[in-house]
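Top to bottom, those sequences are chains P and Z.
In terms of the numbering used here, the first sequence opens at residue 1 and continues consecutively.
In terms of the numbering used here, the second sequence opens at residue 1 and continues consecutively.
Calculated directly from the structure, the hints in this document are not laboratory data.
Note that the Cβ used here is the ideal one computed from N, Cα and C, for glycine as well.
Be a bit skeptical, because a hint or two may be false.
[To be verified] Once the Cα atoms are required to be at most 25 angstroms apart in a straight line, the calculated BS3-like pairs of lysine-lysine come out as:
#: 1; chain 1: Z; residue 1: K609; chain 2: P; residue 2: K21
#: 2; chain 1: Z; residue 1: K798; chain 2: Z; residue 2: K608
#: 3; chain 1: P; residue 1: K21; chain 2: Z; residue 2: K797
[Unchecked claim] Over 10 angstroms on every C-beta distance to chain P, these chain Z residues come out as not near it, computed from the model:
#: 4; residue: D54
#: 5; residue: T64
#: 6; residue: L117
#: 7; residue: E187
#: 8; residue: G201
#: 9; residue: E433
#: 10; residue: K481
#: 11; residue: S482
#: 12; residue: T517
#: 13; residue: Q518
#: 14; residue: Q545
#: 15; residue: V697
#: 16; residue: V722
#: 17; residue: L808
[As the list claims (entries may be wrong)] Quick list of the computed label-pair ranges, beta carbon to beta carbon:
#: 18; chain 1: P; residue 1: E103; chain 2: Z; residue 2: L99; range: 40 to 46 angstroms
#: 19; chain 1: Z; residue 1: N313; chain 2: P; residue 2: T74; range: 25 to 31 angstroms
#: 20; chain 1: P; residue 1: Q91; chain 2: Z; residue 2: E66; range: 33 to 39 angstroms
#: 21; chain 1: Z; residue 1: K219; chain 2: P; residue 2: D100; range: 45 to 51 angstroms
#: 22; chain 1: P; residue 1: N2; chain 2: Z; residue 2: K219; range: 20 to 26 angstroms
#: 23; chain 1: Z; residue 1: T92; chain 2: P; residue 2: T74; range: 52 to 58 angstroms
#: 24; chain 1: Z; residue 1: Q71; chain 2: P; residue 2: N2; range: 36 to 42 angstroms
#: 25; chain 1: Z; residue 1: K200; chain 2: P; residue 2: T74; range: 38 to 44 angstroms
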Amino acid sequence: MNWIDICSITDIPLRGARIVKTAVGCVAVFRTDDSEVFATSDRCPHKGGPLSEGIVHGKAVTCPLHNWVFSLETGEAQGADEGQIATFATQIEDGRVMLDVTELTPGVAAE
Amino acid sequence: MTQKLIIIGAGMAAGRALEHLFETAPDAYDVTLFNAEPHGTYNRIMLSPVLSGDKTFDEIVTHTAEWYEEQGVTCHFGEKVVKIDRAAQTVTSDNGGVLAYDKLIIATGSNPFIVPLPGHDLDGVIAYRDLEDTNTMIALGDKPDAKAVVIGGGLLGLEAAAGLALRGVDVTVVHIMGHLMERQLDEAAGYLLRKALVDKGITVKCSANSKEILGENGKVKALLLDDGTELPCDLLVMAVGIRPSVALAAEAGLATGRGIHVDDQMVTSDANILSLGECVEHNGDIFGLVAPIYDQAKVIAKTLAGEEAAFVNKDVATKLKVTGCDLFSAGDFAEAQGREDIVYRDPAQGVYKRLVIEDNRIVGAVMYGDTADGNWFFGLIKDKEDISEMRDTLIFGPAFQGGSPLDPMAAVAALPADAEICGCNGVCKGQIEDAIGNGATTLDDIKTTTKASASCGTCTGLVEQVLAATLGNDFVVPAAKSVCGCTDLTHEDVRRLIKSKELKSQPAVWQELGWSTQNGCHVCRPAINYYLLADWPLEYQDDAQSRFVNERNHANIQKDGTYSVVPRMWGGITTPDELRAIANAADKFDVPTVKVTGGQRIDLLGVKKEDLPEIWFDLNQAGLVSGHAYSKGLRTVKTCVGSDHCRFGTQDSTGLGVKLEKHLWGSWTPHKLKLGVSGCPRNCAEATCKDIGVVCVDSGYEISIAGAAGMEVKETEHLCKVTTEEEAIEVISAMTQVYRENAKYLDRIWKWVDKVGLDWIKGQVVENLEARKALVARFEISQTVYRSDPWAEHASKKAETYQPVAKLTLEAAE
Ligand SMILES: Cc1cc2nc3c(=O)[nH]c(=O)nc-3n(C[C@H](O)[C@H](O)[C@H](O)COP(=O)(O)OP(=O)(O)OC[C@H]3O[C@@H](n4cnc5c(N)ncnc54)[C@H](O)[C@@H]3O)c2cc1C
Ligand code: SF4
Ligand code: SF4
Ligand code: FES
């Protein structure tokens, strides 16, 4: 694990998301109703919709373009649709959101 | 020879540790105990009953000075240790005494966190941690008309608030998050808790940011919030969290992180110094509850007695209760893969239950209103019992034996007899029940006898449910389409219930109408958000997170993830300056496509999200505002040039269009709203396929509604003819409002008129002048909130949120 302090929990709207730009594409960081935080790839596998712009409900997000629903925990598409988005570990420490960037910073070896 | 043991802090941890030590090795140590508080050990957890008057301080003392002396302990109560000298093995107290130790225990607990707001050091600003704080609060209760503010809507803050309220103090709780106890409760339970506290006379302010504590003569006077609200108070209690008290250990050079580092034997980085309680950090964990601390006390006693022992931080579930609220929360709600929820609501009884399941085990439970099964669930959590066998009925508790299934009509059955069912004809539930008592058995019977559902018809579903609830099996409800999978109610039912039950927040809707999901889905959330803001424009706060991307970002998302930006051109009129500003913006932001739209304005396509606030700012400078080209709300008023320039023109159609647009803009409607105003029946503005169209004639204005020019094409139907511009604006405002208040979300006017009939609408906005005036008045009230430019607001206040929160590409490069 290679934790990086991303932002304060309050920077992410409740039931909303913000994005983190990385060398391997955008990561969407979601905050649920219970102020849990999840990070996934921002790209919908269907036609590339930005998932961070979707409606967050329970522990799922609905893609803003054609309403595919993804579990934020497993990254799996729900219901009849088939697809998978990458998920990344997060944790909250003293109100700060920490993101595990092991898979996101290929250039930098974890020290 | 007996060794000298010094203990710093006589709190719950130290008291318990000494008890065990005297059992295990009664004569091994010569013990000296320091405590900053001027008394022996008491049960800190019971301070709330002392505050509320249920208990006295004496009742909660666990170890008195006498008890310690009987055990041969030398007590220095009211004396604080200020220094540890590890080389000399001595401690120094605040009255200058220096004492040597062989072994030292640090049990300093934690310090309440005081937010460093300006004024935090004023007299009358306290925490809620010890007896002194409690006594200060009790004393306030003796003062007439006393006011207190509690910052922090967590367990401690609410305990303080509940206790103060019981003592007759006027209390306001200020909480930074959107709902109370957000770490233990979800929004729905938070909503119920808030309701209960409000019923007790406590004022609760959520999502409230404190800015400054105001004082007078060195004493607290009020709390100032960052929205400018001033909350006067005689006492301000801060209950925002605790921090392990590590300063003493850190200054002595012991290893510390968030707490004092200890190993499994509770020994710190110095072999002669041990530590336990809230001040320690063990394997990265810190502690805030007594159960693990009591385990530490056992281990530390053994370590001191030279016996083998190791502390293991067991995953203990914790229970909590807020004084006088029927609330139960246990276990863990934190994020983890593969967790699932089981939610149960009984709106009629005000009951809410939620279980969090992982690997067929319950890991968390929240209960409100009916907590009788709390301990049973708590047991299942603690014992990690496999619940797969009883999963389907689990939430009904241990007593459930094939009991009655959930009744989807509970919400209707629970309505009181005087609840209004049919708004148009003012028919309440009791009248419908009477009609049924007199022999009515069908919807038509009810229509003819009571007139309920005989007008706009939105209450049809409710009337049917009253029939069903009253007649039981004799009445079969025709299948109606529910809003979505979260509820069995139809849009019409939900709208009616939001009004009749005065539901003013989404959690209120979810709870009172028995939603089966925790917080809805992408289908119902935008609809409910719209209904709430249309019905309660002043009370309800629009929720951006319940809006589709376009309405949240005030621009239309394109298939490549860029946005289109369309500034408003009132009635299709523009100026050279505006055009220059648009051209400049297009240049500056590299806009790939500039297009003239069908609504007589200009669309800048292909703007990056990050650039939106800046392009809006630039356009604002030229007086251009949002065209709401993205909203379920007023889009455009298309006009022709009319009598100003056209030889056929009968009236100033452009002028009327501009006036209408300025009057209606910013309003949210169930679906898009497009208008057209043509200067004569040649109809160059295509007004007769709009949602609302005006065709000018010599003698006035012909207003028609319900046109369509999309997948469906339909000519408008005639609503009425008026003679003045003012009247035209009035009828159109009333028309817009009646649509806003009654239509189903995502029904265009034509679709909705198909359901309710043109006659009913004419009755509301043409024939009944009083109703029309009332509609216009309600529209105006709503417009006081919404007739403003969202671009200006976002560009100045929310620009930040359009940027990524972090750019790891940069950090990686460094
Ligand atoms: C109102 C309230 C309600 C609570 N409810 C619950 C509950 O329901 N369940 C639960 O499990 N827990 C609850 N807790 C938490 C629980 O009380 C603590 O976890 C527990 O008291 C910690 O014990 P401790 O000995 O580590 O610290 P403390 O009990 O805080 O004792 C530390 C003592 O050390 C003294 N001290 C500090 N520094 C020095 C110094 N330099 N020299 C001398 N003395 C010093 C302090 O004055 C204090 O008396 C509650 C706490 C509060 C305040
Ligand atoms: S609708 Fe009539 S007034 Fe307007 S431009 Fe056409 S012809 Fe002229
Ligand atoms: S007509 Fe169809 S393709 Fe053209 S803008 Fe409208 S929705 Fe898109
Ligand atoms: S791009 Fe996400 S559903 Fe189509």
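| query | Can you list which hints this structure breaks, lowest number first? | reply | As far as the earlier hints go, 7, 12, 13, 14, 17, 18, 20, 22, 24 are violated by this structure, in ascending order.
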